[in-house]
Amino acid sequence: MSSIFAKRRARLLAMKAIRDSYVPGDQLVACPKCGGESQRKDVAGNLSVCPLCGYHFPIGAYYRLSTILDPGSFRELNEKLPAADPLSFPGYREKQRLAQRKTGLTEAAVTATGTIGGRKCVAGVLDSRFFMGSMSAAVGEKITLAIEYAAKNKLPLILFSASGGARMQEGILSLMQMAKTSAALARFSEKGLLYISVLTDPTTGGVTASFASLGDIILAEPGALIGFAGPRVIQQTIGETLPEGFQRAEYQEEHGFVDAVVPRGELRETLSRLLRLHEKGGRP
Amino acid sequence: MSRLTAAERVAAARHPQRPNITDTIGALFTDFFEQKGDRLCREDPAILGGIALYHGRPVTVIGTRKGKTAEESIRCNFGMPGPEGYRKALRLMRQAEKFRRPVLTFIDTSGAYPGLEAEARGQGEAIARNLMEMSRLTVPVIAVITGEGNSGGALALGVADRVLMLENAVYAILSPEGFASILWKDAARHAEACDLMKLTAPDLLALGIVDDVVPEPEGGAHLAPELVFQELDRALSRHLAALLKESGGSLAEKRYQKFRKMGVPPKEES
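Taken in sequence, the protein lines are chains A and B.
My numbering puts the first residue of the first sequence at 1, with every later residue one more than the last.
My numbering puts the first residue of the second sequence at 1001, with every later residue one more than the last.
Honestly, the hints are just simulated from the structure, not real lab data.
A portion of the hints provided could be inaccurate.
As the list claims (entries may be wrong) - Each pair of labels, with its calculated beta carbon distance range:
1. L1183/B with Q39/A: 33 to 41 angstroms
2. Q235/A with R1039/B: 25 to 33 angstroms
3. H255/A with E1253/B: 30 to 38 angstroms
4. S1237/B with G104/A: 51 to 59 angstroms
5. G104/A with R1057/B: 52 to 60 angstroms
6. Q235/A with E1253/B: 42 to 50 angstroms
7. T241/A with S1073/B: 22 to 30 angstroms
8. I238/A with A1007/B: 27 to 35 angstroms
9. L98/A with L1207/B: 21 to 29 angstroms
10. R1014/B with F246/A: 27 to 35 angstroms
11. L28/A with L1207/B: 43 to 51 angstroms
12. R1014/B with Q235/A: 23 to 31 angstroms
Stated by the list, open to error - EDC-like, lysine to aspartate or glutamate: derived pairs with alpha carbons at most 16 angstroms apart:
13. K1267/B with D85/A
14. K1098/B with E1133/B
15. K7/A with D70/A
16. K1261/B with E148/A
17. K95/A with D85/A
18. K120/A with E279/A
Note that CB positions come from ideal geometry on N, CA and C, so glycine has one too.
The shape of chain A in the complex, shown without the other chains:
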């Protein structure tokens, strides 16, 4: 019976998700935005959103998937794709091992198939705990393989971005992943398939300037920083203070780069609805 495997998969994702939902602090969790303290269980029970002000804490990739996919539908893609060191950069292998030990991830992207409201899709998530979710060759390759898998199986694609931008230690190969992922999306799009890009805090640099900005539908979590150049660099360049709310999700919505700002608690339902709305278009 496939339900046995489904239950096993559900348990597996739940176990990985527990590790990923960790919010710093002991019994009390301090919110970096409002400064208010909440019970850990109240934050955890609220999808890692501050119960006082609605601040969205960063969350790990498996936890994200567990909040979106139907229980038992999770099946990871290319789980074993290894981290790379294409420039033989001094000290990089050691740093990768540290990050792997700390997060339980092999790299900054997790990709999977699953269902949302019973509708099958391919989902990819960048995890900001692993080198700030930066674009490495492995991240670019995993995302590209996910795009190609979705194209081949005529499935809708959902990518959650959270990225500090380029992976410095992989230099020019990090840059080339922008071209690779964008080119893969061009082919995917030509097949008449749906790609939903979800921007979470922070989405910057090379990820913004490639797959994150190319969704048919672009959603963003409230308060997420979204931009190409980081605010510090811009401030240095122009030599003046940046306006309140600059580059936040709401600002990007106002400037025409985001279809909707969706709180984490409504994301699953919104995605389910969008998949439903594209049902014919997504399955020619």
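Starting from the known structure of chain A, fit chain B onto it as the hints suggest.
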């Protein structure tokens, strides 16, 4: 062939008298007609583009523009384009496809402009769109890194069938100063960064990022621009002739595969 260190090459690539896009157009093309504007909101002088004849054949030429005098440099924002520049470039590339003209791009930029207005108008979206659309063009596309090729701001004109590089040009994820500042919080360590970043033409040729290197005189292209242009012309003619033999579909397919291969883990590891 010169034997400069990586840091010396960065200096040569940034030399104020290094041949720029205006010099390149003057030396290699005839009958250049400049096309301005993104048809959305403005003209960005940091990118120069238009139609020209290359050995009698109409082509679309697009390049980032650095000035040689202070006044020129300010006018073209020191070669740092905004989203309008990239959108103009895309408009010209689509038009090139419509009229079946090859696209030749010349890249010399310290990066896309990190400014407030550039962000407000979607710098990231503009670059992403170019990467996506360039990958599907059905006309020959050749990109030449002539000076500095930094970040997504350079790649936005660089998704090409052939990527050529002048010998002392550099191509990287960002400037060595920026790299050192992000990685070590110390921009002063930029020379060290230059050595680690693999940003020189020989390094990038070995990594398969660029396809051909155009020789420069010892010390840099500014010392004998006419010689560099002769070499560049020879390389461009050769690559363009080969690409013109291919069908549009085959060009797009091979271009896709070229970038698809970059950063694929070696077989024994996967």
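* For S1237/B and G104/A, compare the CB-CB distance with the range 51 to 59 angstroms and indicate the outcome. => This hint holds: roughly 54 angstroms between Cβ atoms.
* **Distance restraint between K1261/B and E148/A, which requires alpha-carbon spacing of 16 angstroms or less** => Holds. K1261/B to E148/A sits at ~14 angstroms (cutoff 16 angstroms).
* Cβ separation of H255/A and E1253/B, checked against the hinted range 30 to 38 angstroms -> Given about 36 angstroms between the Cβ atoms, the range holds.
* Are the Cα atoms of K7/A and D70/A separated by 16 angstroms or less? -> 11 angstroms, holds
* Asked: Falls inside 43 to 51 angstroms, the C-beta gap from L28/A to L1207/B?
  -> Roughly 50 angstroms apart at Cβ, these two residues keep to the hinted range, so it holds.
* **Given hint D85/A paired with K1267/B - CA-CA distance at most 16 angstroms** => 14 angstroms, holds
* Starting from K95/A, check that the Cα of D85/A is at most 16 angstroms away, please. => Given that 16 angstroms is the threshold and the Cα spacing comes to 11 angstroms, the pair holds.
* Does the Cβ-Cβ separation between Q235/A and R1039/B fall within 25 to 33 angstroms? -> 31 angstroms, holds
* Asked: Is 52 to 60 angstroms a correct range for the gap between the Cβ atoms of G104/A and R1057/B?
  -> 57 angstroms, holds
* **Whether the CB-CB distance between L1183/B and Q39/A falls inside 33 to 41 angstroms** => Holds, since L1183/B and Q39/A (Cβ atoms, about 39 angstroms apart) stay within the stated range.
* 22 to 30 angstroms as the expected CB spacing between S1073/B and T241/A, which holds or is violated -> 26 angstroms, holds
* Would you say the C-beta atoms of Q235/A and E1253/B sit inside 42 to 50 angstroms of each other? -> This hint holds: roughly 44 angstroms between Cβ atoms.
Violation of the numbered hints given earlier is absent; every hint is satisfied by the structure.
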